[in-house]
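**Q** One-letter residues, chain by chain:
Number of protein chains: 2
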Amino acid sequence: MEQHAMIAEEALLINGLDVTAARNTIAAIQADKSLARFQFRARNTWISGGENRSTIRDFYGVGREDDSRTMTFEFTNGEPAVLLGDNEGANPVEFLLHALAGCVTTTFVLHAMARGIHIRDLSTELAGDIDLQGLLGIDESVPPGYEQIRIRMHVEADCSEKDLEDLMTYAQQHSPVCNTVCRPVPVVIERAKG
Amino acid sequence: MEQHAMIAEEALLINGLDVTAARNTIAAIQADKSLARFQFRARNTWISGGENRSTIRDFYGVGREDDSRTMTFEFTNGEPAVLLGDNEGANPVEFLLHALAGCVTTTFVLHAMARGIHIRDLSTELAGDIDLQGLLGIDESVPPGYEQIRIRMHVEADCSEKDLEDLMTYAQQHSPVCNTVCRPVPVVIERAKG
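From first to last, the protein sequence lines are chains A and B. Sequential numbering from 1 applies to the first sequence in my numbering. Sequential numbering from 1 applies to the second sequence in my numbering.
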């Protein structure tokens with residue numbers, strides 16, 4: 001009996017994701033689309049020069065404020081010497097690459113699970129080109145952001161090459177960070193009162 | 001003599017940034033615009049489910065490969081329970097907010113220095129709204145990324161309110177991460193060979 005229970009439990013995990021929980025979440029959202037509305041947050045404090053630190057903990061989703069986190073995440077932005085810093089941390093444009101890598105990966109793994117595809121190995125290398133004349137205001141015709149970001153994906157899975165290509169395209173189209181980068185997303189900055 | 005030297009050295013720092021180094025960098029780029037071309041990089045490895053880890057170290061800029069970093073930065077993406085994870089780390093869309101907060105802050109501080117404005121205090125709160133029907137492929141008309149990101153900035157500095165407003169607008173327009181989010185930036189994904 002115990003052995004059967006273990007086999008049944010293992011069968012519900014694909015790529016480390018709980019298939020039943022995923023199905024339940026999707027069914028719940030289909031029944032009440034407002035459950036899909038999330039708000040993520042970060043608070044950041046400037047330290048000195050190019051050094052600043054964010055704390056991340058609370059968010060809203062599935063119709064309520066989350067209370068699952070027992071600790072606050074902290075991340076420090078810094079800059080290398082050539083950008084007037086002391087390598088206090090990775091810099092913001094590097095953190096953007098980390099966010100993009102993780103999001104494309106998780107979206108890929110999630111939809112692989114939905115298709116019953118088992119992934120053995122998945123890694124990415126990202127490179128983004130940027131011309132700092134934009135940031136520095138030297139040439140106003142140069143966009144300050146990335147010109148382009150390239151992702152090289154290494155993946156091994158129990159499916160055909162065509163299935164992998166389809167999944168890669170689908171992950172690119174459905175990744176929240178990738179979509180935030182590819183599509184113009186409004187950023188509104190306002191002064192805090194008082 | 002020693003006291004004078006110390007005073008002179010302190011006078012060259014505004015907001016923790018070395019004014020002379022900044023001027024020299026800008027002069028060097030104006031003389032040779034290719035020095036402003038940077039390439040930032042990240043490598044990411046999937047662990048399981050929504051957990052994956054990036055390493056960040058090398059980059060290209062100012063005409064050469066950087067060798068200033070004595071350690072590799074590592075960051076772990078995770079997901080909360082409602083997104084099928086175990087809070088192994090902040091999630092990718094939260095890391096994006098950290099990147100955006102840091103970039104707007106550093107751009108603000110940098111251009112404050114260029115204008116001779118001394119900042120006493122600077123912090124931000126970010127909130128981004130997202131409808132996960134996009135990620136989950138439940139409704140293809142819903143964009144998977146952020147709908148909008150709002151930044152509330154608290155700032156104290158030795159300048160007028162109008163100067164602060166001007167600086168806030170300038171920072172928004174010249175921040176590389178903010179510009180990458182606001183403007184459509186192409187992301188190219190390709191399979192690694194072999």
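Treat the hints with care, as some may be off.
Because identical chains share one entry, a pair is satisfied inside a single copy or across any pair of copies.
Under the rule of at most 20 Å between Cα atoms (straight-line distance), these lysine to any residue pairs were calculated in the SDA-like manner [claimed, not checked]:
hint: 1; residue 1: Lys193; residue 2: Met168
hint: 2; residue 1: Lys193; residue 2: Thr45
hint: 3; residue 1: Lys193; residue 2: Arg150
hint: 4; residue 1: Lys162; residue 2: Ser123
hint: 5; residue 1: Lys33; residue 2: Ala81
hint: 6; residue 1: Lys162; residue 2: His118
hint: 7; residue 1: Lys33; residue 2: Val62
hint: 8; residue 1: Lys33; residue 2: Gly63
hint: 9; residue 1: Lys33; residue 2: Ile189
hint: 10; residue 1: Lys33; residue 2: Arg43
hint: 11; residue 1: Lys162; residue 2: Ile26
hint: 12; residue 1: Lys33; residue 2: Glu65
hint: 13; residue 1: Lys162; residue 2: Asp129
hint: 14; residue 1: Lys162; residue 2: Ser48
hint: 15; residue 1: Lys33; residue 2: Leu164
For the record, the hints were derived by calculation from the structure and aren't laboratory data.
**Q** Can you name, in rising order, the numbers of the hints this structure does not satisfy?
**A** Result: hints 9, 10, 11, 13, 14, 15 break, sorted rising.
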